[in-house]
Amino acid sequence: DTGVSQNPRHKITKRGQNVTFRCDPISEHNRLYWYRQTLGQGPEFLTYFQNEAQLEKSRLLSDRFSAERPKGSFSTLEIQRTEQGDSAMYLCASSSRDRVYDGYTFGSGTRLTVV
Amino acid sequence: AQTVTQSQPEMSVQEAETVTLSCTYDTSENNYYLFWYKQPPSRQMILVIRQEAYKQQNATENRFSVNFQKAAKSFSLKISDSQLGDTAMYFCAFMMYSGGGADGLTFGKGTHLIIQP
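Top to bottom, those sequences are chains A and B.
Sequential numbering from 47 applies to the first sequence in this note's numbering.
Sequential numbering from 527 applies to the second sequence in this note's numbering.
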């Protein structure tokens, strides 16, 4: 297993465009989490999935943000009509539901720059 | 809501020295978990050490140990014999036991640790 994989590593987009990021978790992990990390801050929890079910989405930053995990494997995070304030590192993490208290395995993140 | 505070934005020590990073948290929960994560420059966040709140014994992982003071809501990380590879951002994080971890990890703002040769 190669760990949690995120693509792309970097994304530069113009304001107003839509962007989509992909996360491939560790294969045996049934939980998948999305976090946002802005400069000088710790990661901020956005949403999480257990298998294909999105069990928490109230912390998505606005209705421009959405996430999917259609087959319980990889997940996508989409930001519509991007704004400059969306510039940040978007982190994905995964864990096993049975071992969630052991902590998460994080990916390397996707750095978004909105110009 | 839980909050995690790391009061040291940056610390710098000489190689081989011992350094302690501080973390305090605020919660009304009795059962929870605490973590220290390391984020090297441009690399992924990795778990350093973890502590269950119901355990009085402080966790230890090789050169890394914690001082967990539940009544004071304090959770500091001690790095012994520091090495150049320890240079990174260090984040303290909290997870409630109730809800099966549904609230995720709550992170502090981080401490940038620099190990000088």
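Since the hints were derived computationally from the structure, they do not count as laboratory data.
C-beta atoms are modelled at their ideal positions from N, C-alpha and C, and glycine is treated no differently.
Treat the hints loosely; a few may be bogus.
Claimed, not checked - Every beta carbon over 12 Å from chain B, so not counted as near; a handful from chain A, in silico:
# : residue
1 : V65
2 : R68
3 : E74
4 : E102
As the list claims (entries may be wrong) - Derived Cβ-Cβ restraints for the label pairs, each shown as a range:
#  : chain 1 : residue 1 : chain 2 : residue 2 : range
5  : A       : E74       : B       : S600      : 31 to 37 Å
6  : B       : N556      : A       : R145      : 17 to 23 Å
7  : A       : E74       : B       : A628      : 17 to 23 Å
8  : B       : E543      : A       : R127      : 32 to 38 Å
9  : A       : S119      : B       : S600      : 38 to 44 Å
10 : B       : T529      : A       : S119      : 31 to 37 Å
11 : A       : N97       : B       : L610      : 24 to 30 Å
12 : A       : R127      : B       : D607      : 46 to 52 Å
13 : B       : Q582      : A       : R145      : 21 to 27 Å
14 : B       : N556      : A       : R61       : 43 to 49 Å
15 : A       : K60       : B       : I572      : 30 to 36 Å
16 : B       : Q528      : A       : T84       : 31 to 37 Å
17 : B       : Y580      : A       : Q63       : 28 to 34 Å
18 : A       : R127      : B       : L610      : 40 to 46 Å
Task: Numbers of unmet hints, in rising order - done: 4, 8, 11, 16, 17
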